[in-house]
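The listed protein sequences correspond, in order, to chains Z and G. Each residue of the first sequence is one higher than the one before, starting from 1 at the first, in UniProt numbering. Each residue of the second sequence is one higher than the one before, starting from 1 at the first, in UniProt numbering.
Hints may be right or wrong, so weigh each one.
[Said to hold, decoys possible] Partner residues aside, some chain G positions facing chain Z, computed with beta carbon under 10 Å: (1) Ile4; (2) Met10; (3) Met11; (4) Asn31; (5) Lys41; (6) Ala42.
Just so you know, these hints were derived from the structure itself, not from any lab. Bear in mind the structure is a predicted one, so any value in this text is a computation, not a measurement. Each residue gets a CB set at the ideal place from its N, CA and C atoms; glycine is no exception.
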Amino acid sequence: MYQKSIIHYMTKICIDILFFAGIICCAYIPFSSRLLWNYYGVANQTELFVKVILLCSGICCVYILWQLKVIFKTLLEGNPFIHANVACLRKISISCLVISIIYLVKMIFMPTISTIVIIAIFVVGCLLCLTLKDLFKQSIYYKDENDLTV
Amino acid sequence: MAIIIQLDVMMAKRKIGLMELAEKINITPANLSILKNNKAKAIRLSTLDEICKALNCQPGDIIEYVEDIDGKQNEA
């Protein structure tokens, strides 16, 4: 039987906080001109480009957090090995790939070291999610075999 | 699958119901129903032992192998 742990609840709370914080940050991006100039030295010419990059990647990140919320909800209910979670992991991997493509485009026009790090992180994240997706699929197969063993 | 479970036949011969048999062999009626309706993927030897004990029969009375014809005979 699935044993609930305080760590799972804490992780769920963190994901929930990050999800709502992400929505607020994405909503603030169009009004963040002063912040971009004061803290990052983004000039007027590149401001729109940076805002589009941040908004697109921000929306993808919020989507990833939403899918993680769905997965954790099933985990806390005690039944995480379901086909819906396989679909969630596939969507998370696609989102990670989209974010790395977005930052690859940014890299072409505004190369920075942090951009390279972000691209690497999200490419690895995409591959990890694809692997986890296959692991979940196999787990579902073993669970079904076990459930139908009398 | 080519393995057919003839549990309902043996239960009718021994005049025993599903709930009664489930209680005797200490498994849930739901699991026994899965077995009876040929939905089970595997059966533990301990369960088979309990069923044979309860129904006073041999494993061959409950489990039958029917060869597939064109691989589709037993899919219906």
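For each hint, the structure was consulted:
1. Ile4: 15 Å, violated
2. Met10: 15 Å, violated
3. Met11: 15 Å, violated
4. Asn31: 5 Å, holds
5. Lys41: 4 Å, holds
6. Ala42: Because about 4 Å separates G:Ala42 from the closest Cβ in chain Z, which is inside the 10 Å limit, the hint holds.
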